[in-house]
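Asker: Hey, can you work out the whole structure from these sequences and the hints?
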Amino acid sequence: MFLAKEHKVSLGEYSITNPSFIEYISFVFNTFIPLITHDDINMLLFNVKKLLGIIPKPTHNKKLIVDFVYKKINDIVTENGSKLVIVGLGGVEKLDIPNDLYKLPNVTVVNTRDALMERVRTFKEYYIKYSHIRGNNPLVIVDIHPNAYAHQIIADTIVEKIKYSSKM
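Residue numbers (the working numbering): 105 to 272.
There's no promise every hint is true.
[What the hints assert, rightly or not] Between beta-carbon pairs, the in silico distance windows are:
(1) 185 to 150: 33 to 39 Å
(2) 267 to 185: 28 to 34 Å
(3) 191 to 160: 23 to 29 Å
Quick caveat, the hints were computed from the structure, so don't treat them as lab data. In this text, a Cβ means the ideal position worked out from N, Cα and C, and glycines have one as well.
Answerer: Next comes the structure, spelled out in structure tokens:
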């Protein structure tokens, strides 16, 4: 949507374990406020452009998306002597990979969501096994992004699929 401002702001100087009040105020005024202001202004501009019709509404036509976007990406990848690997991550909800993706030549589509779900029985177990958790009683999910164990399953699934597709 818009360029991030993070690369223009030095965050390293603020990675202090126990910052003083002055360091905290310095962070707020020199980093936090500029980043939030930048994002707020750009989101406002984006939404105004969307309301005015300058930014078109997204299509729900999956075939059009595959034909227009993924086909072009695949053409570029193929022209450069490589092979496109599309990785579907998802979460507990069913991953909706358009069938037309599987029809593209020289493309490997990897559904890692199914590989993760095969190892659990319930959605609750999924979150406990694959999320970042703290505590014992009660367990607290602090981040639902994949943990190291989930990343290993995802990586193994990708490698396995690439090996299988290269034999074909």
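Asker: Please go over all the hints and tell whether each is borne out by the structure.
Answerer: The hints, checked one at a time:
| no. | hint | in the structure |
| --- | --- | --- |
| 1 | 185 to 150: 33 to 39 Å | holds (37 Å) |
| 2 | 267 to 185: 28 to 34 Å | violated (19 Å) |
| 3 | 191 to 160: 23 to 29 Å | holds (27 Å) |
The structure fails to meet hint 2 from the earlier list, while all remaining hints are met.
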